[in-house]
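As they're listed, the protein sequences go chains A and B. Once you know that position 64 of the first sequence is 64 in this note's numbering, the rest is easy, because the numbers rise by one and skip nothing. Once you know that position 2 of the second sequence is 2 in this note's numbering, the rest is easy, because the numbers rise by one and skip nothing.
Source of the hints: derived by calculation from the structure; they are not laboratory data. No residue lacks a Cβ here, since even glycine has one placed at the ideal position from N, Cα and C. Check the hints yourself; a few may be wrong.
If you want the footprint, here are the derived chain B segments under chain A, 3+ residues with CB under 8 Å [to be verified]:
1. 40-54
2. 104-114
Quick partial rundown of chain A residues pointing at chain B, CB under 7 Å, derived from the structure [unchecked claim]:
3. Pro8
4. Gly40
5. Gly42
6. Gln45
7. Leu88
8. Phe90
9. Phe103
10. Gly104
11. Asn105
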Amino acid sequence: EAQVTQNPRYLITVTGKKLTVTCSQNMNHEYMSWYRQDPGLGLRQIYYSMNVEVTDKGDVPEGYKVSRKEKRNFPLILESPSPNQTSLYFCASSLQSNSPLHFGNGTRLTVT
Amino acid sequence: AQSVTQPDIHITVSEGASLELRCNYSYGATPYLFWYVQSPGQGLQLLLKYFSGDTLVQGIKGFEAEFKRSQSSFNLRKPSVHWSDAAEYFCAVGASGGYNKLIFGAGTRLAVHP
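So that you can see chain A by itself, here it is in the shape it has in the complex (with noise of 0.2 Å):
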């Protein structure tokens, strides 16, 4: 089945000690992205990636860092959470940029 996955689900950590959600894509697609939520914000883009090795920022970057190995995965790493950083996280991802977006079921994220 066509999927992006997205771990944990749910995650609580304490501010400062660095978190890692992965994200996996099987659909062998070129364009992937991170989103965050917020109430009455919609969602905001963090980061995006055209392909392997190849991230950019996008509205949102502040205190997140990416990287993109390999194809299928495109891991958000958060150094130093702060409770600001409380959101419900998605991940996304397409074939190419021009392409539908598909997106995982999110990490819903409580920095404490």
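On the provided structure of chain A, position chain B as indicated by the hints.
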């Protein structure tokens, strides 16, 4: 700067009633416009998209949307709502001319009364 406004945060309709969700956008060029639906605990699913051509576009689940350039609007409609349509709906514009960088509205949460 590009932006998307969904004026209605919450909408409640009765099952079988018609539905219109409003979306207004701000974008300098011809926009690429999308509607997504998010069911509880799920990711976003594409309902329909507009790139060019016919301004009335048909989507999945019986939804349609009409692009009106003069009003900078892309409203979503459904003639008869089903209880399973209860979800959150997001309008989005492709800021770089495609799917690369979507600018989303804040969403409209739809409740359906039996």
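Hints, verified against the model:
no. : hint    : verdict
1   : 40-54   : holds (count 7)
2   : 104-114 : holds (count 4)
3   : Pro8    : 14 Å, violated
4   : Gly40   : 5 Å, holds
5   : Gly42   : 4 Å, holds
6   : Gln45   : 6 Å, holds
7   : Leu88   : 10 Å, violated
8   : Phe90   : 6 Å, holds
9   : Phe103  : 3 Å, holds
10  : Gly104  : 5 Å, holds
11  : Asn105  : 5 Å, holds
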